[in-house]
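If you read the sequence shown in my numbering, its first letter stands for residue 3, the second for the next number, and so on.
Please keep in mind that the hints were generated in silico from the structure rather than gathered at the bench. The beta-carbon is built from N, C-alpha and C at its ideal position, and this holds for glycine as well. Mixed in with the good hints there might be a few duds.
Stated by the list, open to error - Straight-line alpha carbon distances no greater than 30 angstroms define the calculated DSSO-like cross-link-like pairs of lysine-lysine that follow:
#  : residue 1 : residue 2
1  : 8         : 29
2  : 81        : 14
3  : 118       : 40
4  : 81        : 8
5  : 117       : 103
6  : 40        : 15
7  : 97        : 29
8  : 100       : 8
9  : 29        : 40
10 : 85        : 105
11 : 118       : 105
12 : 15        : 105
13 : 40        : 150
14 : 150       : 33
15 : 118       : 103
16 : 85        : 29
17 : 81        : 100
18 : 150       : 105
19 : 85        : 103
20 : 98        : 29
21 : 14        : 105
22 : 29        : 118
23 : 150       : 21
24 : 40        : 105
25 : 81        : 60
26 : 8         : 150
To be verified - Label-pair restraints from in silico Cβ distances:
#  : residue 1 : residue 2 : range
27 : 100       : 135       : 26 to 34 angstroms
28 : 21        : 151       : 15 to 23 angstroms
29 : 127       : 79        : 17 to 25 angstroms
30 : 63        : 4         : 29 to 37 angstroms
31 : 131       : 4         : 30 to 38 angstroms
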Amino acid sequence: MNIEIKQTNECKKAYEIAKSLPEYFHKDGLKSIERDTKNHMLFGAYLNNELIGFAVYKEINNEAIEMLWLGILRQYHRKGYGKILVERNLAEFSKKYKVCKVKTISDSDDYEPYKKTRAFYRNLGFIPIETISPYPGWDNDPCQIFVKFLHA
3 MNIEIKQTNE CKKAYEIAKS LPEYFHKDGL KSIERDTKNH MLFGAYLNNE LIGFAVYKEI
63 NNEAIEMLWL GILRQYHRKG YGKILVERNL AEFSKKYKVC KVKTISDSDD YEPYKKTRAF
123 YRNLGFIPIE TISPYPGWDN DPCQIFVKFL HA
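Just need the whole structure built from these sequences, with the hints factored in.
In structure tokens, the structure reads:
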């Protein structure tokens, strides 16, 4: 698997990846992705120099970082590219931060794409710590907050 993970400024391409996944990203989410890719740390997964996935991170404070967005082109789902992207990012972030947080739709919602999302985060070692329902700004959707400790 010849994949390169690097910080990037390919905001438009990241947005297009998200737009190609309507079951994960609705209109308001896409607006936020468009803004967040420009204002926060954007990392890309490149296969043969083509952007196939992205992750956006925001520093919360000196000890914590939040993964705001993650998207991989559909044809590369379940092939390990998302895992590589996140694991390499977190390995680098562990030099500075103690914990990474991510929010997603809670398991009280059995929508299949988000079942897969939650399983993905759990497989990476994220643990659910809190559910907020409804989460402000999430169209009455319940939010599950996951964290992963990067180092002690």
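Please write out, lowest number first, the hints stated earlier that are contradicted by the structure.
-> 7, 20 and 28
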